[in-house]
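S.K.: Sequence:
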Amino acid sequence: MDSYTGLQNFVLPDAQSFALATVFRLPRGDKAQVTAQWLKESVELYQKDDVFHNSFLANIVFHGAERDALGITDEATKYLREIGNKLTACSTLAGLLPGPYAYLNQQLREAWKLVDDSNGTCMVTLKPRASSDDQFSCFAIPSRISSQAMTTSPLAGLRIVIKDNIHLKGIKTSVGNRAFYDTYPPSDISAECIQKLIDLGVVISGKAKMNSFGNWEEPTEYTDYQAPWNPRADRYQSTGGSSSGSASAIASYDWLDIAIGTDSE
1 MDSYTGLQNF VLPDAQSFAL ATVFRLPRGD KAQVTAQWLK ESVELYQKDD
51 VFHNSFLANI VFHGAERDAL GITDEATKYL REIGNKLTAC STLAGLLPGP
101 YAYLNQQLRE AWKLVDDSNG TCMVTLKPRA SSDDQFSCFA IPSRISSQAM
151 TTSPLAGLRI VIKDNIHLKG IKTSVGNRAF YDTYPPSDIS AECIQKLIDL
201 GVVISGKAKM NSFGNWEEPT EYTDYQAPWN PRADRYQSTG GSSSGSASAI
251 ASYDWLDIAI GTDSE
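When we follow this note's numbering, the leftmost residue of the sequence shown carries the number 1, and every step to the right adds one.
Please keep in mind that the hints were generated in silico from the structure rather than gathered at the bench.
Incorrect hints may have been included.
[To be verified] Below, simulated BS3-like cross-link-like pairs (lysine-lysine); rule was C-alpha separation at most 25 Å, straight line: (1) 48 to 86; (2) 196 to 86; (3) 86 to 113; (4) 172 to 196; (5) 78 to 113; (6) 169 to 113; (7) 48 to 31; (8) 78 to 48; (9) 78 to 40; (10) 172 to 86; (11) 31 to 78.
[To be verified] Label pairs and their computed distance ranges (CB to CB): (12) 234 to 48: 20 to 26 Å; (13) 84 to 264: 49 to 55 Å; (14) 44 to 104: 50 to 56 Å; (15) 196 to 95: 45 to 51 Å; (16) 151 to 223: 38 to 44 Å; (17) 264 to 118: 42 to 48 Å; (18) 92 to 178: 49 to 55 Å; (19) 233 to 154: 32 to 38 Å; (20) 187 to 74: 55 to 61 Å; (21) 237 to 66: 56 to 62 Å; (22) 81 to 236: 26 to 32 Å; (23) 48 to 114: 34 to 40 Å; (24) 184 to 153: 56 to 62 Å.
We put the beta carbon where it would ideally sit given N, CA and C, even for glycine.
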């Protein structure tokens, strides 16, 4: 979970010390009003997100209006009860993005979904920090809702893994070789092609395994690191090729959108 500095003292009246919450961004207009139709459409859109769960609807924050300026129709109030909502609040705080949150110690924290790298595809998995340009180890994936609200880029929210011969700021590069990994410090800059993707709103989820220095190795020939598993058939088929981790990742995980490899020829 991640917190925004501007939301350190956010108060949900009558909420427990820990609670799940959903933030909806109100449509712009002269009069802020929540209708049943708008609310249903918003909930249905959120339900397509793989991090969101209906349990987050227990507490709802409408962003974009103060309480005394917000109107909620009777039909909308009835629908709120039907979906299990127990508390609603309003906020005009800057920096509050739509999506699922955890409420803890009077802080709204973005909810992240933990996902196992069950096929051992990555050297390291990553979580972007809202307060830094660096990226640090953590196996979690963010909601696409908040990512897509930050930019109009068509790539916003896409989850990507990159082959571990491509530099990522703050992360070591191994090129599949332990000696190389131990020799060089974390990169102080991201590869230009990756930085462009980050600027367009993609989420770098991990650095994928590869053959040592890109040389062809069958899984039984891996020396420094275990080879990724092939999700096909009995899972003991060869992943082959230097971009084996990228190939295994995109074939294994339905939450992943893109895996970047390279051609060694």
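S.K.: Decide, hint by hint, whether the structure agrees.
M.R.: Hints, one by one, checked against the model:
1. 48 to 86: holds (22 Å)
2. 196 to 86: Violated: residue 196 and residue 86 sit about 42 Å apart, past 25 Å.
3. 86 to 113: Measuring from Cα to Cα gives roughly 24 Å; hence the hint holds.
4. 172 to 196: holds (19 Å)
5. 78 to 113: violated (30 Å)
6. 169 to 113: Holds. Residue 169 to residue 113 sits at ~23 Å (cutoff 25 Å).
7. 48 to 31: violated (28 Å)
8. 78 to 48: OK: residue 78 and residue 48 at ~23 Å, within 25 Å.
9. 78 to 40: Satisfied, since the Cα-Cα distance of roughly 11 Å is no more than 25 Å.
10. 172 to 86: Between residue 172 and residue 86 the Cα gap is close to 46 Å, so the pair fails against 25 Å, i.e. violated.
11. 31 to 78: holds (21 Å)
12. 234 to 48: 20 to 26 Å: violated (33 Å)
13. 84 to 264: 49 to 55 Å: holds (53 Å)
14. 44 to 104: 50 to 56 Å: violated (28 Å)
15. 196 to 95: 45 to 51 Å: violated (25 Å)
16. 151 to 223: 38 to 44 Å: holds (42 Å)
17. 264 to 118: 42 to 48 Å: violated (27 Å)
18. 92 to 178: 49 to 55 Å: holds (52 Å)
19. 233 to 154: 32 to 38 Å: holds (35 Å)
20. 187 to 74: 55 to 61 Å: holds (57 Å)
21. 237 to 66: 56 to 62 Å: holds (60 Å)
22. 81 to 236: 26 to 32 Å: violated (52 Å)
23. 48 to 114: 34 to 40 Å: violated (20 Å)
24. 184 to 153: 56 to 62 Å: violated (32 Å)
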